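Novice: Fit chain B to the given chain A structure using the hints.
Residue numbers (the numbering used here), protein chains in the order written: chain A, 95 to 442; chain B, 6 to 295.
Derived from the structure by calculation, the hints contain no laboratory data. As the structure is a prediction and not an experimental result, all values here were calculated from the model. A portion of the hints provided could be inaccurate.
To be verified - Here are the simulated distance ranges between beta carbons:
#: 1; chain 1: B; residue 1: Arg282; chain 2: A; residue 2: Asn387; range: 15 to 25 Å
#: 2; chain 1: A; residue 1: Asn135; chain 2: B; residue 2: Ile281; range: 56 to 66 Å
#: 3; chain 1: B; residue 1: Arg282; chain 2: A; residue 2: Asn310; range: 23 to 33 Å
#: 4; chain 1: B; residue 1: Leu155; chain 2: A; residue 2: Leu411; range: 33 to 43 Å
#: 5; chain 1: A; residue 1: Leu235; chain 2: B; residue 2: Ile281; range: 14 to 24 Å
#: 6; chain 1: B; residue 1: Phe117; chain 2: A; residue 2: Tyr104; range: 48 to 58 Å
#: 7; chain 1: A; residue 1: Tyr104; chain 2: B; residue 2: Ser189; range: 47 to 57 Å
To be verified - Here are the simulated lysine to aspartate or glutamate pairs, DMTMM-like style, with alpha carbons at most 25 Å apart:
#: 8; chain 1: B; residue 1: Lys168; chain 2: B; residue 2: Asp179
#: 9; chain 1: B; residue 1: Lys267; chain 2: A; residue 2: Glu238
#: 10; chain 1: A; residue 1: Lys186; chain 2: A; residue 2: Glu343
#: 11; chain 1: A; residue 1: Lys186; chain 2: A; residue 2: Asp264
#: 12; chain 1: B; residue 1: Lys267; chain 2: A; residue 2: Asp430
#: 13; chain 1: A; residue 1: Lys101; chain 2: A; residue 2: Asp430
Claimed, not checked - Here are some of the chain B residues that sit facing chain A, going by a computed Cβ distance under 10 Å:
#: 14; residue: Ser113
#: 15; residue: Leu185
#: 16; residue: Gly263
Just so you know, even glycine gets a beta-carbon here, dropped at the ideal spot from N, CA and C.
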Amino acid sequence: MRTGDFKETYGELVALTDSPPVWLWSAVLLLALILAPYILNSYALSFMIMILITVVGALGLNILTGYTGLISLGHVGFLVTGAYAYAIAVSKYGLPPVAGFVAAGVVPAVASLIVGTPSLRLKGLYLAITTLAFSFIINTLILEARWLTNGARGIAVQRPILFGVSFDSDAAFTYLCLGFALAALLATLNIRRSRVGRAFVAIRDNDTAARVMGINLHAYKLIAFATSAFVTGLAGALYGIYLSFVSVEGFPFLLSIEALAILIVGGLGSALGAVLGTVLIVLLPEVTRLLFNLFSAQMDAMFTTGAQELKSMLYGLVIILFLRFQPRGLVGAWHDIRRFWVHWPLRY
Amino acid sequence: MQYLIQLLISGLAIGAIYGLIAMAFAVIYKSTGLVNFAQGEMTMIVAYVAWTISTTISGNIFVVAFGAIVAAVLLGLVIERVVMRPMLGEPVFSTVMVTIGLAVILRSSINFIWDAYPHALDLGVGRDVVRVGSIGVRTGQIAVITTLLLLLVGIWAFFRYSKFGVAMRAVAADDRTALLMGISAPRVHGFAWAASSAIAGIAGVFFALSYDLSPVMFQLGLKAFPATILGGLDAVLGSGLGGLLIGITENLAGGYVGSGMKEVAGFLMIIVVLMIRPFGIFGERDIERV
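Chain A on its own, in the form it takes in the complex:
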């Protein structure tokens, strides 16, 4: 049993983790994820792809809402911008997929600078409402700019060929998504422990104090918006490729709520929380369906007719229950369990 942690350098203080078992288990998990596409059937694989894509988007929102404390109800706007940027660059202008992914990150990031400007004056609820308004405006812009986006007809997207490797099969596409999810995870973890990340958290905790300590609020809030939109845009591009079709209907407003639900369920302001929340929220409808299936076949019929409604009802219920009984989310629960495990039989 460890009796205490003694950190002697700044490097140790900001290290990702100081515990060898964490590295070991992370490596085991990574290996399992790499092997998974060979073992899983295509139905399970589709959930894995959904989880990996959603992780990227949730991590993107986590930078803005979790770290910097700026609530965005319009993140689906960045998602749809990223998807369209990729689709227009690759399907319409025939650019290579790499350029498409760059566009999928950069275009939302630039758009976020416009969306983020009101955040320099607004806080809390008002900012949430502004971002909500922007997501509706972006949808209308896309529908109106028919010469660029085909309006309501949408754009078909092919699975990409990157560096001579085709990602056409589901297994190969899983690896692409896994790569993006890992990159996004490492990026957010490293942002969190850098100077920029500490500035974000300082702004979240107390913006007046942050300003007094010399943090440029305007610059850092815009950086938060841009990074967040960049990552979310990439998720949007992946989702568009996965759907093989990009249209405004493919990105309903419910996705913004789903993203916030993920952060709340996982634990706000934690990359691990975003990952855990994603796994729970993506699998939740399926798990509930299986549970109800045990009871009666009639319930199963209800799921097939009202699947979408039931899914959104579950999201709503999960949001309310977590906020009421476990406001720190799954990460909070995990910390409690770990503390109990380490200190048992002592209370603390």
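Specialist: Showing chain B alone in chain A's frame:
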């Protein structure tokens, strides 16, 4: 010219509906300090209840109106007691997220309790056209504008003269001091939710009378957001007037620019208002500079 007047009148009518919902937002914000994202959904549910009453019990307009208001008050009280009261004292972010969760639940419950098809709430009134010169106005449009104006006066008088209205303002201004003065904050909150639900329900029934019921009616709540921001989140009367302004703007934009513009005119207006006067035209200035 006639086109313009016609646009203005239908703008005023839809604006009155936005105004009612915006007042509902403001009543809750004023007494509990949170934005109720489920307002549009509550509007929709009350309208559906009214439709059920009209098809199953009686199509008499007074029965339907009474039933709808009772249902709305009950809905507001139940939501406050079951969902919102346990969240008392939690951070604003959490409580607002709870209302978002509630919104999602209520929205999808429509498809389980009723169905996904549009329905007409036909009470035999509201769709006849009254001609003033060469301009046609529907009686439903006149009724909703009159209702808004009456409610504006009524609510002003309530907050100004009644004891409970003063108590509500006291809780809004400083709930801790209000508690020390012997005002029960939970009771005030419950009353606010009931009142807000009733006002929004009236708007929903009027909307269903002139247009149709459908599961996308909750978007009225989103459309009314600009109105309440424009008028000021804490200004009940301002929100009502803000609704009229938004309705007119939206209709003019739709009539002269294009239907896409009609959808976002309100949202564009919010952004402009928030950049210039974040507290709204009639809201209280709350300065905090960083």
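Novice: Each of the hints needs a verdict: does it hold here or not?
Specialist: Status of each hint after checking the structure:
no. : hint                            : result
1   : B/Arg282 / A/Asn387: 15 to 25 Å : 55 Å, violated
2   : A/Asn135 / B/Ile281: 56 to 66 Å : 57 Å, holds
3   : B/Arg282 / A/Asn310: 23 to 33 Å : 26 Å, holds
4   : B/Leu155 / A/Leu411: 33 to 43 Å : 39 Å, holds
5   : A/Leu235 / B/Ile281: 14 to 24 Å : 23 Å, holds
6   : B/Phe117 / A/Tyr104: 48 to 58 Å : 56 Å, holds
7   : A/Tyr104 / B/Ser189: 47 to 57 Å : 53 Å, holds
8   : B/Lys168 / B/Asp179             : 17 Å, holds
9   : B/Lys267 / A/Glu238             : 12 Å, holds
10  : A/Lys186 / A/Glu343             : 19 Å, holds
11  : A/Lys186 / A/Asp264             : 24 Å, holds
12  : B/Lys267 / A/Asp430             : 51 Å, violated
13  : A/Lys101 / A/Asp430             : 23 Å, holds
14  : Ser113                          : 4 Å, holds
15  : Leu185                          : 27 Å, violated
16  : Gly263                          : 8 Å, holds
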